[in-house]
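Construct the complete structure from the given sequences, taking the supplied hints into account.
Numbering-wise, full-length UniProt numbering puts 300 at position 300 of the sequence shown, and it's gapless, one number per residue.
Keep in mind that the hints were calculated from the coordinates and are not lab data. As the structure is a prediction and not an experimental result, all values here were calculated from the model.
Each computed SDA-like pair below joins lysine to any residue, with the alpha-carbon atoms no more than 25 angstroms apart:
(1) Lys94 - Val130
(2) Lys171 - Leu126
(3) Lys94 - Ala266
(4) Lys161 - Ala120
(5) Lys161 - Ala204
(6) Lys171 - Gln217
(7) Lys129 - Pro179
(8) Lys16 - Ser57
(9) Lys203 - Pro30
(10) Lys203 - Val164
(11) Lys94 - Trp127
(12) Lys171 - Lys305
(13) Lys161 - Arg36
(14) Lys203 - Ser28
(15) Lys171 - Phe212
(16) Lys16 - Glu33
(17) Lys129 - Ala89
(18) Lys203 - Thr34
(19) Lys171 - Pro125
(20) Lys161 - Ile41
(21) Lys171 - Pro123
(22) Lys171 - His215
(23) Lys161 - Ala37
(24) Lys16 - Ala89
(25) Lys305 - Gln217
(26) Lys203 - Ala165
(27) Lys16 - Arg121
Label-pair ranges, simulated between beta-carbon atoms:
(28) Ser28 - Leu105: 35 to 45 angstroms
(29) Pro236 - Ser32: 11 to 21 angstroms
(30) His215 - Arg138: 27 to 37 angstroms
Ideal placement from N, C-alpha and C gives every residue a C-beta, glycine not left out.
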Amino acid sequence: MSTVLGSIRRLVFTPKLADVTFSARGFSVPESETTRALEQIPQTVITGFEWGIDCRSLWELERRLSLVEPGLRGFAYEGATMACTVLDAMDGRKRTRDLLRGPGLPHLFLAYIGIGFAMARLPRPLWRKVVPDLDGVRYHPAITWLAVDGYGFDRAYFHPKRWVAEQEPPKPYPWQDMPSYFPRAFDQGLGRALWFIHGADVKAVAGAVRAFAGHRQPDLWSGVGLAATFAGGAGPDDLAWLRAEAGDQRPELALGATLAIMAKAAADCVDDRAGQAVHALSDLSPAAAVAVVETASVPAGETGKEPEYELWRSRIKAHFTA
1 MSTVLGSIRR
11 LVFTPKLADV
21 TFSARGFSVP
31 ESETTRALEQ
41 IPQTVITGFE
51 WGIDCRSLWE
61 LERRLSLVEP
71 GLRGFAYEGA
81 TMACTVLDAM
91 DGRKRTRDLL
101 RGPGLPHLFL
111 AYIGIGFAMA
121 RLPRPLWRKV
131 VPDLDGVRYH
141 PAITWLAVDG
151 YGFDRAYFHP
161 KRWVAEQEPP
171 KPYPWQDMPS
181 YFPRAFDQGL
191 GRALWFIHGA
201 DVKAVAGAVR
211 AFAGHRQPDL
221 WSGVGLAATF
231 AGGAGPDDLA
241 WLRAEAGDQR
251 PELALGATLA
261 IMAKAAADCV
271 DDRAGQAVHA
281 LSDLSPAAAV
291 AVVETASVPA
301 GETGKEPEYE
311 LWRSRIKAHF
321 TA
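Printed below as a string of structure tokens:
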């Protein structure tokens, strides 16, 4: 049973399930089996958020999340992580750390995106406290940039006029002391949002990317590749068209696709559809894609003018530009 305070928090922070449907958001896409499947993803995030707000123990939260079918469970963990981040910001407890060091660890990539969803609802002064202590966990802190990715997705999904139609750039923030990279990570999430906003219609998605300034397009393409592989919605032929349409940015699409497979492999949920998508966008099998990502990983602490995360992404992309 939820607490009264928990119910209030849920009402304040959570959209209704109907509010994240494409029609409610004003996306100009016809309802179809594809769009209904895509809509399940934000609805699953909201469900995970509600459970994260209401559950009184990590055990109860884990049990509820385990009831979600494997293909959607990572999205439920996104929402639960968002809830834990919001609650931790309010009372200073360590729910997010405990979740991600425990049952949420296989879903770490998506969980960081959930932190970004929380950031969209928290004042910026609180952002410096949203990343939990995960020292010793592989890929941490490099992939904390996925929180910024999640923030960009959220802004574009809920406010497409401002961030997509008007193409407003985000205000930089010194994430990992590198404010100059903040807009790029934001655009990676915005690119993912374009996949949903256009209902996985590859021609509409490509046109939306092309409408942005040239310097923003590479990160948008990588976000598209990640969403096309992780969320699905387009068949191999459409993805082959998208890859050809990307032209010189084909390596960016492949980069996003391989990162998506890495995240799915960590959660042991690589299915045939995702395998077909990564092959269509990168010519790699899921196992080969994971190997490319792992081989490209950067030793912890290695930085330069760009963060460790971007060095890692650049090494992955180099596989497709060689």
